[in-house]
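Asks: One-letter residues, chain by chain:
There are 2 protein chains.
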Amino acid sequence: MEVEVKFRVNLGEIQPRIEAIADFDHEEVQEDLYFSVPLPALLRIRRIVNRDESILGYKLIKDSRNEEFEEIEVAVEDFEKTKEILKRLGFKEDVWVKKHRYVYKLGNVTFELNRVEGLGDFLDIEVISDDPEKAKEEIWKIAEMLGLGEEDVEPRLYQELIQERSKEKGK
Amino acid sequence: MEVEVKFRVNLGEIQPRIEAIADFDHEEVQEDLYFSVPLPALLRIRRIVNRDESILGYKLIKDSRNEEFEEIEVAVEDFEKTKEILKRLGFKEDVWVKKHRYVYKLGNVTFELNRVEGLGDFLDIEVISDDPEKAKEEIWKIAEMLGLGEEDVEPRLYQELIQERSKEKGK
Chain A
13 MEVEVKFRVN LGEIQPRIEA IADFDHEEVQ EDLYFSVPLP ALLRIRRIVN RDESILGYKL
73 IKDSRNEEFE EIEVAVEDFE KTKEILKRLG FKEDVWVKKH RYVYKLGNVT FELNRVEGLG
133 DFLDIEVISD DPEKAKEEIW KIAEMLGLGE EDVEPRLYQE LIQERSKEKG K
Chain B
13 MEVEVKFRVN LGEIQPRIEA IADFDHEEVQ EDLYFSVPLP ALLRIRRIVN RDESILGYKL
73 IKDSRNEEFE EIEVAVEDFE KTKEILKRLG FKEDVWVKKH RYVYKLGNVT FELNRVEGLG
133 DFLDIEVISD DPEKAKEEIW KIAEMLGLGE EDVEPRLYQE LIQERSKEKG K
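Those sequence lines, one after another, are chains A and B. Per our numbering, the very first residue in the first sequence carries number 13; after that it's consecutive. Per our numbering, the very first residue in the second sequence carries number 13; after that it's consecutive.
Since the hints were derived computationally from the structure, they do not count as laboratory data. Accuracy of the hints is not assured; some may be wrong.
Since copy identity is lost for identical chains, a pair holds within one copy or between any two.
[Said to hold, decoys possible] As a list, the in silico SDA-like pairs of lysine to any residue whose alpha-carbon atoms are at most 20 Å apart: (1) 117 - 25; (2) 146 - 120; (3) 104 - 173; (4) 99 - 85; (5) 99 - 73; (6) 117 - 176; (7) 74 - 99; (8) 93 - 73.
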């Protein structure tokens, strides 16, 4: 299971602190198209622009704070054709989430530092584990090292934040 | 659009006749898993066993004789993960169609000579064209060269033939 906690951050402030404790792994320019499926399921196609790759992804949220996910991902040859198949199967396009992601690693902990278009900067601290409680302890130990606290947590999904933003704009 | 006519054949008899007029292109061992979607749509994942490739495919039947298809196919990295995503999205496994396919080409005409597990031998003569009538004329001209007539046509889908066979067996 994927266990992660998302924090609102300031990229310029947090990046040097992450670089002091973790190793830079890679960066990605991601464009995620989410489809309308009922929560707790998520369905998206991710285009990794800087690698010209596409990934079909299904996620199932396992907890009320959006911190525990079961995830199935499969690389697909073509974004547009995959989108067309999903649309033909009746899934409707919901929102796009576009971000620049810097990925760092420290042991089994992954840091995903995201600058999200229209939303701001976020840090996802992630551990793959079958023991969510232990994983969260680990995540929080590191969050504290970075000076992040409970008040910095953003429990909403990117998809939800974009939806809320669209509604605000629509007013 | 994909225009094709399917004939019941005897592989040993028809293969030399095809080889006399067309060029061998390649062969494939295909295992197709069809999912339950309402006709005229078809949804399948094809595993090309001899090339270790998988393809997600959506087809829409455009006519009453199952000869005209709109087709969207996308290569996927992993058969099992793709299957799992479709199942999570609510699609149920329907039937498996397994075949050994010999592919020949003559200009824009493709010959798919199939030995289908449990069903026998079939020849699909196929043309990609936006003019189904013209494509069918072309297909029939070649069918006659091979000694095939209207009485050899099998209008049912492989998926349907397998379904009927399962019902027969169940009696």
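Asks: If you check each hint against the structure, which ones fail?
Replies: 6
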